[in-house]
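Asks: Residue-level listing of the chains:
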Amino acid sequence: DIVMTQTPLSSPVTLGQPASISCRSSQSLVDSDGNTYLSWFQQRPGQPPRLLIYKISNRFSGVPDRFSGSGAGTDFTLKISRVEAEDVGVYYCMQATQFPRTFGQGTKVEIK
Amino acid sequence: QVQLQESGPGLVKPSQTLSLTCTVSGGSISSGSYCWSWIRQPAGKGLEWIGRIYTSGKTEYNPSLKSRVTISLDTSKNQFSLMLNSVTAADTAVYYCARDEASVLRYFDYWGQGTLVAVSS
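Those protein sequences? They're chains W and F, same order as listed.
For the first sequence, this note's numbering assigns the number 1 to the initial residue and increments by one for each residue that follows.
For the second sequence, this note's numbering assigns the number 1 to the initial residue and increments by one for each residue that follows.
Rather than coming from a laboratory, the hints here were simulated on the basis of the structure.
Treat each hint with caution, since some may be false.
[As the list claims (entries may be wrong)] SDA-like cross-link-like pairs, simulated, lysine to any residue; straight-line CA separation at most 25 Å:
(1) K45/F to S10/W
(2) K55/W to K108/W
(3) K45/F to T7/W
(4) K112/W to P63/F
(5) K55/W to R106/F
(6) K55/W to V104/F
(7) K45/F to D31/W
(8) K45/F to P100/W
(9) K108/W to D91/F
(10) K108/W to Q113/F
(11) K45/F to K58/F
(12) K45/F to R50/W
(13) K45/F to D33/W
(14) K108/W to D33/W
(15) K66/F to V3/W
(16) K108/W to G46/F
(17) K112/W to G44/F
(18) K13/F to T70/F
(19) K112/W to K45/F
(20) K55/W to L9/W
(21) K66/F to K112/W
(22) K66/F to F99/W
(23) K55/W to V2/F
(24) K66/F to K108/W
(25) K58/F to N78/F
(26) K108/W to A43/F
(27) K58/F to S19/F
(28) K58/F to R24/W
(29) K58/F to V88/W
(30) K108/W to E48/F
(31) K45/F to L9/W
(32) K45/F to S20/W
(33) K55/W to E60/F
(34) K58/F to S20/W
(35) K108/W to N35/W
(36) K45/F to G46/W
(37) K45/F to V13/W
(38) K55/W to G51/F
(39) K66/F to N85/F
Modelling step: build the complete structure from the supplied sequences, incorporating the hints.
Replies: So, in structure tokens, the structure goes:
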């Protein structure tokens, strides 16, 4: 299985300031079809995960534009341009290039 | 808007079978290019994909659980179900059902609220 490693595991952020989460895969996530199937999810306390970003950088419907994704190959980043109180939670990356899909261990974003 | 809701016993004894059902509303489980997945999350830990079922009835399971998992579909009730046999304490988790776009986009776009299943005697 592809191992997804996120850093940091915890990210205290000041409201209005940016936050960045890194996700590294143990193998390249470029599929044979040329696409890279890397997604990001947000999990607020007591809630199910919510899809934010798919295929590295595409925001899902209704996701604010302060969330952005980037990266290639084995290294990917989720950025929040200006953290708001509602952004508190745990963020997970997930690869869907190789079977089975696997998730990172999560990064907790909290307000300082 | 598609909605999913898990249901089933919250407590299962060791060595027995865990059974959960996911009811889909706001759309037909048979329509579109989607399939249907189960994902679990032990308390305070990360997410593990369990398996999926296509509307054709084809199933795919995580190799780590394949020997113990069965996922089935009931289109007449707009439901799909999970059975996990020979459970141990390690199977204690919140279990989520999710809609799965498994071909072009490859993501889980709608999730149920999750249901906690504890394995204990």
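Asks: The structure should be examined with respect to each hint, and the outcome stated for every one.
Replies: Results for each hint:
{"no.": "1", "hint": "K45/F to S10/W", "result": "holds, 14 Å"}
{"no.": "2", "hint": "K55/W to K108/W", "result": "holds, 22 Å"}
{"no.": "3", "hint": "K45/F to T7/W", "result": "holds, 15 Å"}
{"no.": "4", "hint": "K112/W to P63/F", "result": "violated, 41 Å"}
{"no.": "5", "hint": "K55/W to R106/F", "result": "holds, 8 Å"}
{"no.": "6", "hint": "K55/W to V104/F", "result": "holds, 10 Å"}
{"no.": "7", "hint": "K45/F to D31/W", "result": "violated, 28 Å"}
{"no.": "8", "hint": "K45/F to P100/W", "result": "holds, 18 Å"}
{"no.": "9", "hint": "K108/W to D91/F", "result": "holds, 24 Å"}
{"no.": "10", "hint": "K108/W to Q113/F", "result": "holds, 20 Å"}
{"no.": "11", "hint": "K45/F to K58/F", "result": "violated, 29 Å"}
{"no.": "12", "hint": "K45/F to R50/W", "result": "holds, 16 Å"}
{"no.": "13", "hint": "K45/F to D33/W", "result": "violated, 32 Å"}
{"no.": "14", "hint": "K108/W to D33/W", "result": "violated, 33 Å"}
{"no.": "15", "hint": "K66/F to V3/W", "result": "holds, 19 Å"}
{"no.": "16", "hint": "K108/W to G46/F", "result": "holds, 11 Å"}
{"no.": "17", "hint": "K112/W to G44/F", "result": "holds, 21 Å"}
{"no.": "18", "hint": "K13/F to T70/F", "result": "holds, 18 Å"}
{"no.": "19", "hint": "K112/W to K45/F", "result": "holds, 23 Å"}
{"no.": "20", "hint": "K55/W to L9/W", "result": "holds, 23 Å"}
{"no.": "21", "hint": "K66/F to K112/W", "result": "violated, 43 Å"}
{"no.": "22", "hint": "K66/F to F99/W", "result": "holds, 13 Å"}
{"no.": "23", "hint": "K55/W to V2/F", "result": "holds, 22 Å"}
{"no.": "24", "hint": "K66/F to K108/W", "result": "violated, 31 Å"}
{"no.": "25", "hint": "K58/F to N78/F", "result": "holds, 16 Å"}
{"no.": "26", "hint": "K108/W to A43/F", "result": "holds, 15 Å"}
{"no.": "27", "hint": "K58/F to S19/F", "result": "holds, 19 Å"}
{"no.": "28", "hint": "K58/F to R24/W", "result": "violated, 31 Å"}
{"no.": "29", "hint": "K58/F to V88/W", "result": "violated, 38 Å"}
{"no.": "30", "hint": "K108/W to E48/F", "result": "holds, 18 Å"}
{"no.": "31", "hint": "K45/F to L9/W", "result": "holds, 12 Å"}
{"no.": "32", "hint": "K45/F to S20/W", "result": "holds, 21 Å"}
{"no.": "33", "hint": "K55/W to E60/F", "result": "holds, 22 Å"}
{"no.": "34", "hint": "K58/F to S20/W", "result": "violated, 39 Å"}
{"no.": "35", "hint": "K108/W to N35/W", "result": "violated, 28 Å"}
{"no.": "36", "hint": "K45/F to G46/W", "result": "holds, 13 Å"}
{"no.": "37", "hint": "K45/F to V13/W", "result": "holds, 22 Å"}
{"no.": "38", "hint": "K55/W to G51/F", "result": "holds, 21 Å"}
{"no.": "39", "hint": "K66/F to N85/F", "result": "holds, 11 Å"}
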